[in-house]
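K.L.:
Which chain is which? The protein sequence lines are A and B, in order. Residue numbers are given in numbering that gives the first Met the number 0: position 289 of the first sequence equals residue 288, and the series is strictly consecutive. Residue numbers are given in numbering that gives the first Met the number 0: position 269 of the second sequence equals residue 268, and the series is strictly consecutive.
Quick caveat, the hints were computed from the structure, so don't treat them as lab data. Warning: the hint list may mix true and false statements.
[As the list claims (entries may be wrong)] Ranges between beta-carbon positions, derived for each pair:
1) B:I57 x A:T279: 43 to 49 Å
2) B:E49 x A:E123: 30 to 36 Å
3) B:P297 x A:G53: 35 to 41 Å
4) A:A239 x B:E49: 23 to 29 Å
5) A:N216 x B:E49: 17 to 23 Å
6) B:L304 x A:V122: 49 to 55 Å
7) A:M195 x B:M90: 45 to 51 Å
8) B:A126 x A:E245: 54 to 60 Å
9) B:F281 x A:S196: 23 to 29 Å
10) B:A126 x A:G168: 21 to 27 Å
11) A:A313 x B:F281: 44 to 50 Å
12) B:I57 x A:N266: 58 to 64 Å
13) A:R201 x B:A296: 38 to 44 Å
14) B:P302 x A:N216: 57 to 63 Å
[Unchecked claim] Beyond 10 Å from chain B on every Cβ pair, some chain A residues (computed):
15) L50
16) R242
17) L306
18) A307
19) S326
On a predicted model such as this, the values are computed, not experimentally measured, just so you know. Even for Gly, the Cβ is constructed at its ideal location relative to N, Cα and C.
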Amino acid sequence: MTRAVKEAAAVSNLREFYRHFDGDALRDALRRMYLIRRFEEGAEEAYTRGLIHGTMHLSIGQEASAVGSCMDLRKTDYITSTHRGHGHCIAKGANPALMFAEFFGKEEGYCRGRGGSMHIADVESGNLGANGIVGGGLPIAVGAALAIRKQKRDDVAVCFFGDGASNEGAFHEALNMAAIWKLPVLFICENNKYGMSVSTERSMAVRNVADRASAYNMPGEIVDGNRIEDVSEAVMRATARARNGEGPTLIETKTYRIRGHSKSDRNRYRTREEIEEWKTRDPIGHFEANLETFGILGKDEVEAIRLAAEAEIAAGIEFARNGTDPSPAEVARDVYTGGAS
Amino acid sequence: MRELSYAQAVQEALAQAMEADSRVFLMGEDIGVYGGAFQVTGDLVHRFGEDRVMDTPIAELGAAGVAVGAALAGCRPVFEFQFSDFATLAMEQIVNQAAKIRFMLGGKVSVPLVMRFPAGSGTGAAAQHSQSLDAWFAHVPGLKVVQPSTPHDAKGLLLAAIDDPDPVMVFEHKLLYKTKGDVPEEAYRVPIGKAVVRREGRHVTIVATAIMVHRALEAAEVLKGEGIEAEVIDLRTLRPLDTQTIIDSVKKTSRLVCVYEGVKTLGIGAEISAMIAESEAFDYLDAPIVRLGGVEAPIPYNPVLEKAAVPQSDGIVASVRSLVTGRI
């Protein structure tokens, strides 16, 4: 079969995700997943070599959740993110070079080197910021959705948070208010099974975070967070509801972080077998296999995307290394808008 | 000049801000048809509708965060805490988020948020409804903290706060809500960061906040009869602190008394005392600096004890008299 014939034959049987997005959009989704993976591997290596200080929380293994959630969003839609937020930032459209510059503490970084990994943000692309406080972004997303409604826009606010945040009081307050006011907000819980070291079995009385949606009279949907098409289709349904004035949705993406919680993690709370088992469900490998099987991308095209992502990451690290260090004289800069304190 | 109560002055500022700017809206518990626990929002819901005078659930943390998010996304929320004590439930959003987002994001955004805090003791509401926590907030870079003591300043400082691009915490003493004073009808501003000399004098400087301004003025009147002329400064803003007005006054009087309702230890008086000790006014001091603040205990219910827990004018008179006559 020629490729065109193969595509035509496949398309009729394809699920919504592969029919909704054209080849360019799907290619871009794979590109972003690779950018996230290589960005985090690059950041980890730079940390190990002492080029980045502090700590960081890697989302390796969770790329489908970030990209699948953001690929149908507009630039004017907002996201709020978490301490594990590099993926969300890239998925929403950030430039990895400026993110690296932030990690290296440079003036060229998204936050002029003042925020680092835990506060990475790209307001231009609608990312209101990662958050160092578990659950901190939940009410803020509801507020952004309230602003959207007051401004009579049909945008949405997408709130990323983890299974751990769903045990915070802020989760309850935020979901309750979003529901009573029917605000255009999506609560996307990336359930990676552990709040730092404590498993969801030990920290939650219900099996699924999505089960909690019924307390707010909103839909709660569980998806395989490692399958981009599952995530994206659920998000598209919820986004359509939100834009249509039908209120919020809680989506739980079941996923897994392959790396530890942060740089201090010694993996004492989970088994090597569990980690290895989840590695076989790699979201990038899954997506790639589907793109090839459905005749959307050839092996050579996948290889080209991978190489381009690697080159972009390498160039980003180089850009960051050559960035400008902030002056100690400007340590209190931007505390207030006027500059004065 | 027209007279309004402090509560009416706050309400007028809210109404004028909402009339002038469609981005301004109010959030809080029972601020709608109930009119607010202290009737500050009154009938505003009937004039502006429920979308702009929003009752929230009893959810201080979440609702404060909603205000932060709305401010980030282009609105100008004015948030009412029912009692300032309840802000303890919302400290995460105020201290970790509102105060720091601009800084953490390298100056890419502002958080134009106003929060109003009915504060202070004297209503018999006991330990969880009577605190003066203003100094807590003044300790946080990124926040501004104002504490108007008159109806005039209540309106002018609130309008300035709503104009301000950064989060401004407005502390309103509950006992002042019914006090009356001259309030111009137009929408005027009182600048944030400027103290004011309420009474001039040459023997001692009394720096006071909120209701203590009135108690200090009463004390100054009594002291005048004894030949002691006290200068009374109404601090008005805790952050940023107007150091110059205090320094200038102390250089003139050579004596300093700080009077505030919050717990004495580590309160605003400690900051003012240290600031003077570090300034050129230190060499002008003829006597130790005196702090009169709240006792080292929660606010009690019993009315006699409640009065004893915070400075009263007779105590101010006694302290100033001792200081000026050299008995300290």
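K.L.:
Work down the list of hints and note, for each, if the structure agrees.
P.N.:
Here's how the hints hold up against the structure:
no., hint, result
1, B:I57 x A:T279: 43 to 49 Å, "holds (47 Å)"
2, B:E49 x A:E123: 30 to 36 Å, "holds (34 Å)"
3, B:P297 x A:G53: 35 to 41 Å, "holds (39 Å)"
4, A:A239 x B:E49: 23 to 29 Å, "holds (27 Å)"
5, A:N216 x B:E49: 17 to 23 Å, "holds (20 Å)"
6, B:L304 x A:V122: 49 to 55 Å, "holds (51 Å)"
7, A:M195 x B:M90: 45 to 51 Å, "violated (22 Å)"
8, B:A126 x A:E245: 54 to 60 Å, "violated (45 Å)"
9, B:F281 x A:S196: 23 to 29 Å, "violated (53 Å)"
10, B:A126 x A:G168: 21 to 27 Å, "holds (23 Å)"
11, A:A313 x B:F281: 44 to 50 Å, "violated (59 Å)"
12, B:I57 x A:N266: 58 to 64 Å, "violated (41 Å)"
13, A:R201 x B:A296: 38 to 44 Å, "holds (41 Å)"
14, B:P302 x A:N216: 57 to 63 Å, "violated (46 Å)"
15, L50, "holds (20 Å)"
16, R242, "holds (16 Å)"
17, L306, "holds (32 Å)"
18, A307, "holds (28 Å)"
19, S326, "holds (14 Å)"
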